[in-house]
Amino acid sequence: EDQVTQSPEALRLQEGESSSLNCSYTVSGLRGLFWYRQDPGKGPEFLFTLYSAGEEKEKERLKATLTKKESFLHITAPKPEDSATYLCAVQAAFSGGYNKLIFGAGTRLAVHP
Amino acid sequence: DTEVTQTPKHLVMGMTNKKSLKCEQHMGHRAMYWYKQKAKKPPELMFVYSYEKLSINESVPSRFSPECPNSSLLNLHLHALQPEDSALYLCASSLQVGSGNTIYFGEGSWLTVV
Numbered sequence: 001e002d003q004v005t006q007s008p009e010a011l012r013l014q015e016g017e018s019s020s021l022n023c024s025y026t027v028s029g030l031r032g033l034f035w036y037r038q039d040p041g042k043g044p045e046f047l048f049t050l051y052s053a054g055e056e057k058e059k060e061r062l063k064a065t066l067t068k069k070e071s072f073l074h075i076t077a078p079k080p081e082d083s084a085t086y087l088c089a090v091q092a093a094f095s096g097g098y099n100k101l102i103f104g105a106g107t108r109l110a111v112h113p
Numbered sequence: 114d115t116e117v118t119q120t121p122k123h124l125v126m127g128m129t130n131k132k133s134l135k136c137e138q139h140m141g142h143r144a145m146y147w148y149k150q151k152a153k154k155p156p157e158l159m160f161v162y163s164y165e166k167l168s169i170n171e172s173v174p175s176r177f178s179p180e181c182p183n184s185s186l187l188n189l190h191l192h193a194l195q196p197e198d199s200a201l202y203l204c205a206s207s208l209q210v211g212s213g214n215t216i217y218f219g220e221g222s223w224l225t226v227v
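Protein chains in written order, with our numbering: chain A, 1 to 113; chain B, 114 to 227.
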């Protein structure tokens with residue numbers, strides 16, 4: 001069964017304290033792994049798409065990496081405005097022919113000054 | 114410009130009311146989606162439209178009725194809802210239905226059923 005597990009559930013950081021969020025997946029034929037950021041009461045904001053092991057993408061203080069079993073979202077020198085829930089989602093090869101995203105439960109990140 | 118616009122942002126309705134949620138995108142995307150999200154949970158897929166035709170209904174109760182008037186618009190008609198239907202309803206779109214296409218979400222419509 002296709003599954004996505006994110007850890008930790010919640011993470012508290014001091015401003016400037018770098019860390020990583022983990023997304024482990026079990027899927028039959030990965031077609032894409034997606035990272036989203038979600039602020040309270042708002043829709044998920046797209047961050048990155050990764051397609052194959054070894055791929056890396058960066059945006060400001062965020063860097064996403066992908067292996068055959070997991071993805072990491074590295075946050076370098078975070079600021080309070082990086083506080084949000086970070087969602088990981090995967091698309092599998094045989095998902096009924098449509099674009100179903102299998103979401104993890106998310107990691108709630110709080111960055112304190 | 115990756116923008117999906119949803120209206121209204123907030124909606125309160127009684128269990129006997131009929132209301133609609135609206136969604137619009139002008140990115141030329143041919144796939145549109147409705148998701149439901151409860152507090153502290155990830156989004157759950159409800160419906161998928163591809164080229165204005167309903168292609169997937171994830172066993173959603175008939176009190177939710179989707180409609181796709183054209184390639185840019187998506188509606189969700191609501192009737193006789195229950196309090197447990199209170200949630201954030203998210204519209205999304207992607208270039209195509211099919212693996213590998215990035216799905217872009219709107220800001221959502223907060224629905225409260227009283």
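Accuracy of the hints is not assured; some may be wrong.
To be verified - Result set (SDA-like, lysine to any residue): computed pairs, CA atoms no more than 20 Å apart in a straight line:
{"#": "1", "chain 1": "A", "residue 1": "Lys59", "chain 2": "A", "residue 2": "Ser28"}
{"#": "2", "chain 1": "B", "residue 1": "Lys132", "chain 2": "B", "residue 2": "His192"}
{"#": "3", "chain 1": "A", "residue 1": "Lys69", "chain 2": "A", "residue 2": "Ser52"}
{"#": "4", "chain 1": "B", "residue 1": "Lys131", "chain 2": "B", "residue 2": "Thr215"}
{"#": "5", "chain 1": "B", "residue 1": "Lys151", "chain 2": "B", "residue 2": "Pro196"}
{"#": "6", "chain 1": "B", "residue 1": "Lys151", "chain 2": "A", "residue 2": "Thr5"}
{"#": "7", "chain 1": "A", "residue 1": "Lys42", "chain 2": "B", "residue 2": "Thr118"}
{"#": "8", "chain 1": "B", "residue 1": "Lys153", "chain 2": "A", "residue 2": "Thr67"}
{"#": "9", "chain 1": "A", "residue 1": "Lys42", "chain 2": "B", "residue 2": "Lys153"}
{"#": "10", "chain 1": "B", "residue 1": "Lys153", "chain 2": "A", "residue 2": "Glu9"}
{"#": "11", "chain 1": "A", "residue 1": "Lys59", "chain 2": "A", "residue 2": "Ile102"}
{"#": "12", "chain 1": "B", "residue 1": "Lys132", "chain 2": "B", "residue 2": "Trp223"}
{"#": "13", "chain 1": "B", "residue 1": "Lys154", "chain 2": "A", "residue 2": "Pro40"}
{"#": "14", "chain 1": "B", "residue 1": "Lys151", "chain 2": "B", "residue 2": "Phe177"}
{"#": "15", "chain 1": "B", "residue 1": "Lys153", "chain 2": "A", "residue 2": "Ile102"}
{"#": "16", "chain 1": "B", "residue 1": "Lys151", "chain 2": "A", "residue 2": "Ala10"}
What the hints assert, rightly or not - Listed next, with one range per pair, are the computed distances between beta-carbon atoms:
{"#": "17", "chain 1": "A", "residue 1": "Gly16", "chain 2": "B", "residue 2": "Val227", "range": "27 to 33 Å"}
{"#": "18", "chain 1": "A", "residue 1": "Pro40", "chain 2": "B", "residue 2": "Val227", "range": "18 to 24 Å"}
{"#": "19", "chain 1": "B", "residue 1": "Lys153", "chain 2": "A", "residue 2": "Pro80", "range": "18 to 24 Å"}
{"#": "20", "chain 1": "B", "residue 1": "Asn183", "chain 2": "A", "residue 2": "Lys79", "range": "26 to 32 Å"}
{"#": "21", "chain 1": "B", "residue 1": "Ser133", "chain 2": "A", "residue 2": "Ser7", "range": "36 to 42 Å"}
It is worth saying that the hints were derived from the structure and are not from the lab. We treat Cβ as the ideally placed atom computed from N, Cα and C, and that holds for glycine.
Each hint, compared with the structure:
1. A:Lys59 x A:Ser28: Measuring from Cα to Cα gives roughly 29 Å; hence the hint is violated.
2. B:Lys132 x B:His192: 7 Å, holds
3. A:Lys69 x A:Ser52: The hint holds at about 11 Å.
4. B:Lys131 x B:Thr215: Outside the cut-off at roughly 32 Å; violated.
5. B:Lys151 x B:Pro196: It holds: about 12 Å lies between the C-alpha atoms, which stays within 20 Å.
6. B:Lys151 x A:Thr5: 18 Å, holds
7. A:Lys42 x B:Thr118: Holds: lysine 42 (chain A) and threonine 118 (chain B) sit about 12 Å apart, inside 20 Å.
8. B:Lys153 x A:Thr67: 27 Å, violated
9. A:Lys42 x B:Lys153: With Cα atoms ~12 Å apart, lysine 42 (chain A) and lysine 153 (chain B) stay inside 20 Å; holds.
10. B:Lys153 x A:Glu9: 11 Å, holds
11. A:Lys59 x A:Ile102: Outside the cut-off at roughly 23 Å; violated.
12. B:Lys132 x B:Trp223: 13 Å, holds
13. B:Lys154 x A:Pro40: 12 Å, holds
14. B:Lys151 x B:Phe177: OK: lysine 151 (chain B) and phenylalanine 177 (chain B) at ~16 Å, within 20 Å.
15. B:Lys153 x A:Ile102: 16 Å, holds
16. B:Lys151 x A:Ala10: 18 Å, holds
17. A:Gly16 x B:Val227: 27 to 33 Å: Given about 45 Å between the Cβ atoms, the range is violated.
18. A:Pro40 x B:Val227: 18 to 24 Å: For valine 227 (chain B) against proline 40 (chain A), whose Cβ atoms are near 22 Å apart, the range 18 to 24 Å holds.
19. B:Lys153 x A:Pro80: 18 to 24 Å: 21 Å, holds
20. B:Asn183 x A:Lys79: 26 to 32 Å: 42 Å, violated
21. B:Ser133 x A:Ser7: 36 to 42 Å: For serine 7 (chain A) against serine 133 (chain B), whose Cβ atoms are near 39 Å apart, the range 36 to 42 Å holds.
Violated hints, in rising order: 1, 4, 8, 11, 17, 20; the structure is consistent with all others.
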